[in-house]
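The residues making up each chain are set out below.
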Amino acid sequence: MTHAEMDELYELYVLGALEPGESNEIDEHLATDCAHCLDSIRKAIVTSTALAELADPAQPPAAVRERLVRAITPPKPPRRWSWAVIAFAAVSVCLLAAAIWSNNTLETVRERLALVVSERDQLRTAVEILSRQETRAIQFGPSTSGAHGRILVNPRGGFVVTGSDLPHIAEDRTFELWLVPANGQAPVPAGLFRPDANNSFVHVSRESVDSTKIAAVAVSVEPRAGSTAPTTKPFLIVPLT
Amino acid sequence: MVPANSPESDLIERIKRREPEGLTAIYDRFAAAAYSVFLRITRDPTVAEDLLQELFFRIWNRSRHFDETKGALGVWILAIARNMAIDYVRSAQARFTTRLLPIDDINPLFLSSKSKEVEGAIDRGVVKAALAALNANEKRVLEMAYFDGLSQTEIAAKLEEPLGTVKSWMRSGLGRLRLAMKAGAAR
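Here the protein sequences line up with chains A and G, keeping their order. As numbered in the numbering used here, the first sequence has no gaps in its residue numbers, which increase by one up to the final residue, 1678. As numbered in the numbering used here, the second sequence has no gaps in its residue numbers, which increase by one up to the final residue, 197.
In isolation and in its complexed conformation, chain G is listed as follows:
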């Protein structure tokens, strides 16, 4: 049995030693967040379940590449989850207009022992407060970019708003989020 508050580094060490309890502890910590992203993007519970299972097999199979000192497992899991879900939806819709950062490019940034340490653990309280402070337009365009994988041009067309306006909403929303997270990390 793995204590619920075990540090991420302990969990990574466990899965590197091929201990199933390590993976189930990671699952218990991050599965709900990843599943919420899968469900929001695919809007299909069955597909979301399949993708969730595939994600955790991927973590299990890639465990030897993880570096327990980086503390960025949650960020990596959610970044990969978003890419997997958008890839699935695009493949179903045969839509390839915008380009995501390939998963193979994300991996070395967070998992490799050569990668720099980042403020990996997202403070959910800070993030929730920052997202709650976004105005309706900022929130809507960021949701369309994050969950629907749309480019700024596609968002502008969908909302029938000028591209410059959409760019301004995107940048102000991301800027606020960035500043709030930076301030949260400094506390």
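Just chain A, with the same shape it has in the complex:
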């Protein structure tokens, strides 16, 4: 194709409206870093973006802005004790009191504190993954089971899976996450989880997921202790490419 012919196609190219043969030809040309065509692509994006004006005007709910402001506003500097420390201490004391009251055994206290510490560590890992530049978000669902959510993958530092509307499972069962290798080898176990009272879940893993080697993330229903290979057909398979 000549430059003049390609210039006529760039808006269609950025819209994704061309057929694969035409797109591939343009891809190959752009790979040569042709300055004329990169400039044409920029102009085509500007022109095609004008089509956004065809959408009926709508206002997002104020709550979205409020959530955004809360998330990006740094916490106020601590006075003597930070509120986070006070809150953590208060929660720990309450848990301690509750544990002593309910069971009065040191073992129960230890277990509950270990749970709090584990949840705090998971939260820290999730925040680390979410805040990294190269973290990629992949939406999934609603699948045939109704499950939907999002996978946030950091190629070097782990992944977070959040979702809701999972299928109902018996008390002696759990959900198990699998990493499905691209080379066709058996799925690798990547953790167990059960949904909360609202049928939602957050699963955090520090395991590295290289999307050139891992084709998909899958979820199946397994015995409570988990399995080394899926014993039921995964009800959710999310491609990472």
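Keep in mind that the hints were calculated from the coordinates and are not lab data. Any given hint could turn out to be false.
[As the list claims (entries may be wrong)] What follows is a set of in silico ranges between Cβ atoms, one per label pair, in the way DEER data are often shown: (1) A:Pro1626 - G:Ala167: 25 to 31 Å; (2) G:Gly174 - A:His1605: 34 to 40 Å; (3) G:Gly185 - A:Pro1626: 32 to 38 Å; (4) A:Ser1637 - G:Gly185: 44 to 50 Å; (5) G:Asn71 - A:His1440: 35 to 41 Å; (6) A:Gln1496 - G:Ser19: 23 to 29 Å; (7) A:His1473 - G:His75: 23 to 29 Å; (8) A:His1440 - G:Leu169: 29 to 35 Å; (9) A:Pro1626 - G:Ala143: 25 to 31 Å; (10) G:Ala139 - A:Arg1569: 24 to 30 Å; (11) A:His1605 - G:Glu23: 48 to 54 Å; (12) G:Ala139 - A:Ala1634: 37 to 43 Å; (13) G:His75 - A:Gln1496: 25 to 31 Å.
Even for Gly, the Cβ is constructed at its ideal location relative to N, Cα and C.
Could you slot chain G onto chain A? The hints should help.
For chain G alone, kept in the frame of chain A given last:
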């Protein structure tokens, strides 16, 4: 408090300095347009809200790559919004027939200090007039390409029209829009 008419370059400088007021000012300027695109493509207000929030986190997290001299923030925001929404719908429908320009390919075209300056600020009056001048067929095929992410072949099949006719509508519609925007930018 950021004045409502602050230039885009001021807002970009503010978010590069990690000032939340910079991002809220950008939100106030562009969120409604991005949300309208999300809502039109996903047809689901909850999903549109989630995507809107994700988009603005992305802007916040990528702010250090922005170049305040380019004046193309609005174009970038809407281009990324469309890709995010179509990716979401395709992922929900497991439909991957056409290929969008990857977001990572759009970024350097608008954000990098190496990129050329473009006529980034879209004159909405010019665009509205140009879109209003499209005939019904041109408008319909451009909507199907932009909001549904369909290829020309898919549009032809859906409308049960010859592919050549659909191509002709697409090209004439885009040609009119291109010319109108060029004339608007020259004024």
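Comparing the hints with the structure gives:
Checked against the hint of 25 to 31 Å, the pair Pro1626 (chain A) and Ala167 (chain G) fails, with Cβ atoms roughly 43 Å apart. At roughly 53 Å, the beta carbons of Gly174 (chain G) and His1605 (chain A) sit outside the given window of 34 to 40 Å. A beta carbon spacing of about 56 Å between Gly185 (chain G) and Pro1626 (chain A) contradicts the range 32 to 38 Å that was offered as a hint. Between Ser1637 (chain A) and Gly185 (chain G) the Cβ separation comes to about 49 Å, which falls inside the hinted range of 44 to 50 Å.
Restraint check, Asn71 (chain G) to His1440 (chain A): a C-beta distance of roughly 36 Å satisfies the suggested window 35 to 41 Å. Checked against the hint of 23 to 29 Å, the C-beta distance between Gln1496 (chain A) and Ser19 (chain G) comes to roughly 26 Å, which is consistent with it. For His1473 (chain A) and His75 (chain G), the Cβ-Cβ distance of about 24 Å falls inside the hinted range of 23 to 29 Å, so the restraint holds. In this structure the supplied range 29 to 35 Å holds for His1440 (chain A) paired with Leu169 (chain G), their Cβ-Cβ distance being about 31 Å.
Evaluation of the 25 to 31 Å hint for Pro1626 (chain A) and Ala143 (chain G) yields a failure: the beta carbon distance comes to about 59 Å. Hint check: Ala139 (chain G) to Arg1569 (chain A), Cβ distance near 44 Å, so the stated range 24 to 30 Å is violated. Distance hint for His1605 (chain A) and Glu23 (chain G): a CB-CB separation of about 52 Å, consistent with the stated range 48 to 54 Å. Checking the proposed 37 to 43 Å range against Ala139 (chain G) and Ala1634 (chain A) shows it is violated: the Cβ atoms sit about 54 Å from each other.
In this structure the supplied range 25 to 31 Å holds for His75 (chain G) paired with Gln1496 (chain A), their Cβ-Cβ distance being about 29 Å.
Hint check: violations occur at hints 1, 2, 3, 9, 10 and 12; the rest are consistent with the structure.
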